[in-house]
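Protein chains in written order, with my numbering: chain A, 126 to 431; chain B, 126 to 431.
Some hints here could point you the wrong way.
Which copy is meant is left open, because identical chains are indistinguishable; a pair holds if it fits in one copy or across any two.
[Stated by the list, open to error] Listed below are the simulated SDA-like cross-link pairs for lysine to any residue, each with C-alpha atoms no more than 25 Å apart in a straight line:
id, residue 1, residue 2
1, K388, T420
2, K388, W347
3, K277, K380
4, K417, W347
5, K310, R426
6, K380, N228
7, K310, N210
8, K417, S309
9, K227, I281
10, K310, T420
11, K388, A424
12, K310, S145
13, K278, F408
14, K327, R430
15, K327, A424
16, K388, I353
The hints are simulated quantities; they were obtained by calculation from the structure and are not laboratory data.
Protein chains: 2
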Amino acid sequence: MNILAVGSIAYDSIKTPFASGKGVLGGSLTYFSLAAKYFSRVSIVGVVGQDFKRQHLNLLRKHGINLSGLKIANGKTFRWSGIYNYDLNNRETLSTQLNVFKNFNPLISPRHQNIKTVFLGNIDPVLQLQVLKQIKSPKLVVVDTMNYWIEKKRKILRRVLRQTDILIINESEARQLAGQYNLSKAAGLIVGQMEATRRAGKATLLIKQGEYGLLMFHRRGWFSLPAIPLERVFDPTGAGDSFAGGFVGCLASQKTVTDRALKKAALYGTIMASFAVEKLGPFGLTSLSRAKINTRLNALRLITRI
Amino acid sequence: MNILAVGSIAYDSIKTPFASGKGVLGGSLTYFSLAAKYFSRVSIVGVVGQDFKRQHLNLLRKHGINLSGLKIANGKTFRWSGIYNYDLNNRETLSTQLNVFKNFNPLISPRHQNIKTVFLGNIDPVLQLQVLKQIKSPKLVVVDTMNYWIEKKRKILRRVLRQTDILIINESEARQLAGQYNLSKAAGLIVGQMEATRRAGKATLLIKQGEYGLLMFHRRGWFSLPAIPLERVFDPTGAGDSFAGGFVGCLASQKTVTDRALKKAALYGTIMASFAVEKLGPFGLTSLSRAKINTRLNALRLITRI
Numbered sequence: 126m127n128i129l130a131v132g133s134i135a136y137d138s139i140k141t142p143f144a145s146g147k148g149v150l151g152g153s154l155t156y157f158s159l160a161a162k163y164f165s166r167v168s169i170v171g172v173v174g175q176d177f178k179r180q181h182l183n184l185l186r187k188h189g190i191n192l193s194g195l196k197i198a199n200g201k202t203f204r205w206s207g208i209y210n211y212d213l214n215n216r217e218t219l220s221t222q223l224n225v226f227k228n229f230n231p232l233i234s235p236r237h238q239n240i241k242t243v244f245l246g247n248i249d250p251v252l253q254l255q256v257l258k259q260i261k262s263p264k265l266v267v268v269d270t271m272n273y274w275i276e277k278k279r280k281i282l283r284r285v286l287r288q289t290d291i292l293i294i295n296e297s298e299a300r301q302l303a304g305q306y307n308l309s310k311a312a313g314l315i316v317g318q319m320e321a322t323r324r325a326g327k328a329t330l331l332i333k334q335g336e337y338g339l340l341m342f343h344r345r346g347w348f349s350l351p352a353i354p355l356e357r358v359f360d361p362t363g364a365g366d367s368f369a370g371g372f373v374g375c376l377a378s379q380k381t382v383t384d385r386a387l388k389k390a391a392l393y394g395t396i397m398a399s400f401a402v403e404k405l406g407p408f409g410l411t412s413l414s415r416a417k418i419n420t421r422l423n424a425l426r427l428i429t430r431i
Numbered sequence: 126m127n128i129l130a131v132g133s134i135a136y137d138s139i140k141t142p143f144a145s146g147k148g149v150l151g152g153s154l155t156y157f158s159l160a161a162k163y164f165s166r167v168s169i170v171g172v173v174g175q176d177f178k179r180q181h182l183n184l185l186r187k188h189g190i191n192l193s194g195l196k197i198a199n200g201k202t203f204r205w206s207g208i209y210n211y212d213l214n215n216r217e218t219l220s221t222q223l224n225v226f227k228n229f230n231p232l233i234s235p236r237h238q239n240i241k242t243v244f245l246g247n248i249d250p251v252l253q254l255q256v257l258k259q260i261k262s263p264k265l266v267v268v269d270t271m272n273y274w275i276e277k278k279r280k281i282l283r284r285v286l287r288q289t290d291i292l293i294i295n296e297s298e299a300r301q302l303a304g305q306y307n308l309s310k311a312a313g314l315i316v317g318q319m320e321a322t323r324r325a326g327k328a329t330l331l332i333k334q335g336e337y338g339l340l341m342f343h344r345r346g347w348f349s350l351p352a353i354p355l356e357r358v359f360d361p362t363g364a365g366d367s368f369a370g371g372f373v374g375c376l377a378s379q380k381t382v383t384d385r386a387l388k389k390a391a392l393y394g395t396i397m398a399s400f401a402v403e404k405l406g407p408f409g410l411t412s413l414s415r416a417k418i419n420t421r422l423n424a425l426r427l428i429t430r431i
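So that you can see chain A by itself, here it is in the shape it has in the complex (with noise of 0.2 Å):
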C-alpha cells in the first residue's frame, strides 16, 4: 500500500552525552519515511532548500522513497539545533531557523491525491487541514502535533482532529490538549473530540512515553506496549516519527485496521524506534532487513509475554 507523508526535511545539530554531530539530516519526513519504507511505499511531500547535499536525496531514492513531491526552494533548509542531556526523555531546543519551511505550501499532485493513508508529520495545523482539503478519498489519516499548535492553534487543531483517525502524542501533550492531568481521563476526552462528528469507537490516540514505551487508546479499551531495555541509546532524535514509520507502514500493509493490526503496528513502531535511537540521526534505519526487524520483534515479545 502506498503512504502520502507530509512533514519537514532538516539539518540537526543534535548534542547528546554520547553522540554529537552537525548538519545532519534529520526531520519527521526522513525518520518517518525511512522506517515506513520497510512496510510500505513512502511518497513524500515537503521542501528543501538549495543547500540539501545530493547524497542525501540519493540516499532517500535509494530506499525507495518516492520524492516527486519534495520541493528544492530557494533558501536554506530548515534548521533545528537541541541538546539532550543524560535523562534522554528531555531535550533543549537550542535554535529553530525555519528557512525554506516558512513558506511550506503543500500541494498535492494529482496522483498523490488518491493515495489512502495520510502520515500529516508535526507542522502547522493550518497545513495539515490544507492538506486533508486535497486528499480525495483518505482512508486512514494518522496525526502528529506538539505543544506549540496545541496552545497556539487549539481551534484549527481541533478541525485536523476531526478528520483524525489515529493520532500521536506524548503524554505531556496529551494533557495539554485535553486540559487535563490524569491521563487516563484525558485520553477519553481526546477521543472524544476526535469523534465528535463521526460514529463512536473510529479514533485511536496513541500515547508515546519515550523509553516508557507507549499506550494505545480507543472505546475498546487500552493496550500497553513497552520499550525494548536499550544497552546503547546514542541519539533519540526523530524516535517518535521513526515509531510513527514502522506503525503507519505496517498498518498501511495490512486490509483493515482491526484492533489485532494495530497492536502489531505498534510493536513494529516499537522496534524502528528502537533501531533510530541506535545511532546519530536516522542511520540506525538505513540498513536494516526484515530479518533484524523481526529478531527484535521476537525480543520484544518475551519481554511482554506473561
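Chain A is fixed; fit chain B onto it per the hints.
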C-alpha cells in the same frame, strides 16, 4: 505459606492534590501485610509507640496478620510527613520523626526463625543483615532499600544483596546502586553483585517505574509489565510496598519460583498497588475480595495482550 515481614509502621501526614490527612496509618509493613494477606499468611516484625491506636492493631488483626513480633515500645510511633504535586511520581518529604523506630532491634522469635520466605522492607541494611542472621534456612529473601542507604551504607547493603533473591527498587535507586545511568546496563551490574557469591541465574531485580509499571530482570532476560491506567489516583504512598505485598504473597503461595511464578506474582503485585493508590492510606486494600482482585487482573491481562 508463611511470610516473615520486617519493616516500619508509621503515622503519615500526606498531602496530594486530591486528598490529604494527618496521622494516617502507614509504614512499609502496613501496606505490605494488607496486600500480602490475600495470598499468604503474614507475620510482621516491627515496633510502634504507646500512641499506636487500638483500632489500628485491631485492623491488622482482623485481616489475619500475625502481630506476635510487633513490639509496643515506650515513646511515639514513627511519623512521616510528605507532599505530592500533580506529578504523583515525585514527592517531597517534609519531616521524618523516627521516635521508637530509632532503637528498633528486630529480634526474631524461635518460631519465626523457621519461616522460609522473608521480606525485608526499606530499613537500615544493618538491621536487614541482623534479621537474615536469625533466619534458619531462608528459601526466598526479598529486599527493598532506598537512596539514603545506598549512599550511606553501601558496603553493608552489598552484604545484604549477596543474600537476596529478589531486590525491589525504583529506577533512580537502580542507577545509583549500579553507578550507571543506562538502566539496561545497571540491571546487569546489580544482578552481578547479587550473584557474586552464588551461582548465576539465582537473582532477580525488580525495577519499579511508578505509573509506568515495572521491569523485571534476571539472567534469562527482561520482563515488562505496565501499571493499570487509573482515573482516580488519590495517594501513591505505599504503592511500592503494596506491590511487594501482592508480589511476595503470591510468590510464597506457589511451590517453586519459576519464571511463570515470578510473572504471575508481578501481575498480582501490580493489581494490589493499583488498589492501594485509589484511597488515602492503606484503605484501598482493606475491603477487597479475590473476585475484585481477579476482575482487575483480567483487565491488566487485556491491556498487555498482543
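These are the hints, each one checked on the structure:
{"no.": "1", "hint": "K388 x T420", "verdict": "both (18 Å within a copy, 23 Å between copies)"}
{"no.": "2", "hint": "K388 x W347", "verdict": "both (11 Å within a copy, 20 Å between copies)"}
{"no.": "3", "hint": "K277 x K380", "verdict": "neither (37 Å within a copy, 59 Å between copies)"}
{"no.": "4", "hint": "K417 x W347", "verdict": "between (29 Å within a copy, 19 Å between copies)"}
{"no.": "5", "hint": "K310 x R426", "verdict": "between (29 Å within a copy, 21 Å between copies)"}
{"no.": "6", "hint": "K380 x N228", "verdict": "neither (37 Å within a copy, 68 Å between copies)"}
{"no.": "7", "hint": "K310 x N210", "verdict": "between (31 Å within a copy, 18 Å between copies)"}
{"no.": "8", "hint": "K417 x S309", "verdict": "between (35 Å within a copy, 20 Å between copies)"}
{"no.": "9", "hint": "K227 x I281", "verdict": "within (18 Å within a copy, 61 Å between copies)"}
{"no.": "10", "hint": "K310 x T420", "verdict": "between (36 Å within a copy, 21 Å between copies)"}
{"no.": "11", "hint": "K388 x A424", "verdict": "both (16 Å within a copy, 17 Å between copies)"}
{"no.": "12", "hint": "K310 x S145", "verdict": "between (39 Å within a copy, 22 Å between copies)"}
{"no.": "13", "hint": "K278 x F408", "verdict": "neither (33 Å within a copy, 44 Å between copies)"}
{"no.": "14", "hint": "K327 x R430", "verdict": "between (28 Å within a copy, 21 Å between copies)"}
{"no.": "15", "hint": "K327 x A424", "verdict": "between (31 Å within a copy, 22 Å between copies)"}
{"no.": "16", "hint": "K388 x I353", "verdict": "both (16 Å within a copy, 18 Å between copies)"}
Taken one by one, the earlier hints fail for this structure at numbers 3, 6, 13, listed in ascending order.
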